[in-house]
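S.K.: For reference, the chains in residue letters:
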Amino acid sequence: DGGITQSPKYLFRKEGQNVTLSCEQNLNHDAMYWYRQDPGQGLRLIYYSQIVNDFQKGDIAEGYSVSREKKESFPLTVTSAQKNPTAFYLCASSRDPGSGGYTFGSGTRLTVV
Amino acid sequence: AQKITQTQPGMFVQEKEAVTLDCTYDTSDQSYGLFWYKQPSSGEMIFLIYQGSYDEQNATEGRYSLNFQKARKSANLVISASQLGDSAMYFCAMREPRGAASKLTFGTGTRLQVTL
Chain A
139 DGGITQSPKY LFRKEGQNVT LSCEQNLNHD AMYWYRQDPG QGLRLIYYSQ
189 IVNDFQKGDI AEGYSVSREK KESFPLTVTS AQKNPTAFYL CASSRDPGSG
239 GYTFGSGTRL TVV
Chain B
20 AQKITQTQPG MFVQEKEAVT LDCTYDTSDQ SYGLFWYKQP SSGEMIFLIY
70 QGSYDEQNAT EGRYSLNFQK ARKSANLVIS ASQLGDSAMY FCAMREPRGA
120 ASKLTFGTGT RLQVTL
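Chains A and B are the protein sequences, given in the same order.
The opening residue of the first sequence carries number 139 in the working numbering; numbering runs sequentially from there.
The opening residue of the second sequence carries number 20 in the working numbering; numbering runs sequentially from there.
Isolated chain B (complex conformation) (with noise of 0.2 Å):
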């Protein structure tokens, strides 16, 4: 069974600086996917980043990047220049293989909070 673990129940960064979410996963699977949402105070889940476990670079997208170790099955979050709107919930998760039925797997989620 696929399992995602997120060891920082809350952390805190100060603005304008990076800071780094945990995320680690365990699967027998060779081929699956890794994600990240931001879940604000309203509780939408907004889509953030995603790496497939055949990609051999790391994703970025915008101030996001996801620092990717295959061997150590970690997929850690890391935020550069935090901003206020950052203060929120993030989830990594973990998808099963193409032609399963793309069920997504979460963690229990970080709570970011981004401080003057």
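Chain A extracted, bound-state conformation (with noise of 0.2 Å):
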């Protein structure tokens, strides 16, 4: 079945450390895209990218960084840049950048401690 996969599901950081959260869709989806989620607040969009070897920043993109050398992968770094990166991240594809149907991950849910 085609889908997205978010690993890991938790993921517990420590302070002034780097993470990376894994993204994968067999979908064969054109874009991807990155939100986060925090409590009482719908979700923030962070990173996107419409084809492979370019992404472009969100409305929160400060903190984070992303890659895109495969069309099936869109890694998500939370840098020790970010000040509070505790929050639950998602992951989307959509086939047609222009349609706006999204299919998403299971998510990420990222604790400092």
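Don't read these hints as lab results, they were simulated from the structure.
You may find that some hints are simply not true.
Simulated pairs of lysine-lysine, DSS-like, Cα-Cα distance not exceeding 27 Å [unchecked claim]:
no.: 1; chain 1: A; residue 1: Lys221; chain 2: A; residue 2: Lys147
no.: 2; chain 1: A; residue 1: Lys221; chain 2: B; residue 2: Lys22
no.: 3; chain 1: A; residue 1: Lys221; chain 2: A; residue 2: Lys195
no.: 4; chain 1: A; residue 1: Lys221; chain 2: A; residue 2: Lys152
no.: 5; chain 1: A; residue 1: Lys195; chain 2: B; residue 2: Lys22
no.: 6; chain 1: B; residue 1: Lys89; chain 2: B; residue 2: Lys22
Using the hints, put the two chains back together into the complex; each one sits in its own frame.
M.R.: Structure below.
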């Protein structure tokens, strides 16, 4: 079955450390996205990529970095520069960047300890 | 800039009753899309229903319907015959026009609790 796999489901990080969240899709979708969700808030866009080797900042990109070396993969690195990284992170993909139909992964819950 | 407003932080509904979740939006674009997603406690986002700005008919998907009032810029979700499994967070979202990066802007969500 096609879908998006995010790993790990739970992640703990010490302050000052970088950590990378994995997102893999086998849907052959061109566009991929990373969202952050905090309690009481909706999803906010961190980064997105429409094609391989290209990506753009979203609304809250500071303290995050991404890469898109393969169509299937869009990893997100939470750097030590991100002041409040504890949150739920969701990855999504879309076949047609103009269509807006998204498939979401099951998310990674990151906690800074 | 686009904006989505969901004014109901929480809602209760009895099983088998209908419930309406409110969503208003603000955009200067003529072409846009409106979505509703369900997020159970497990965290995944489940697509429920979509309405295009040029669609003349209100969208329906099984027990879900979208009450689209373009002039009022509202896109309310109606769930008929509520079930216990409908208890979840519900998010309204809007897509930028075609040709853009198809980013979604989300509201803050409504937590629906279905009771016996």
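S.K.: Of all the hints given earlier, name the ones this structure violates by number, lowest first.
M.R.: Of the numbered hints given earlier, the structure breaks none, since each of them holds.
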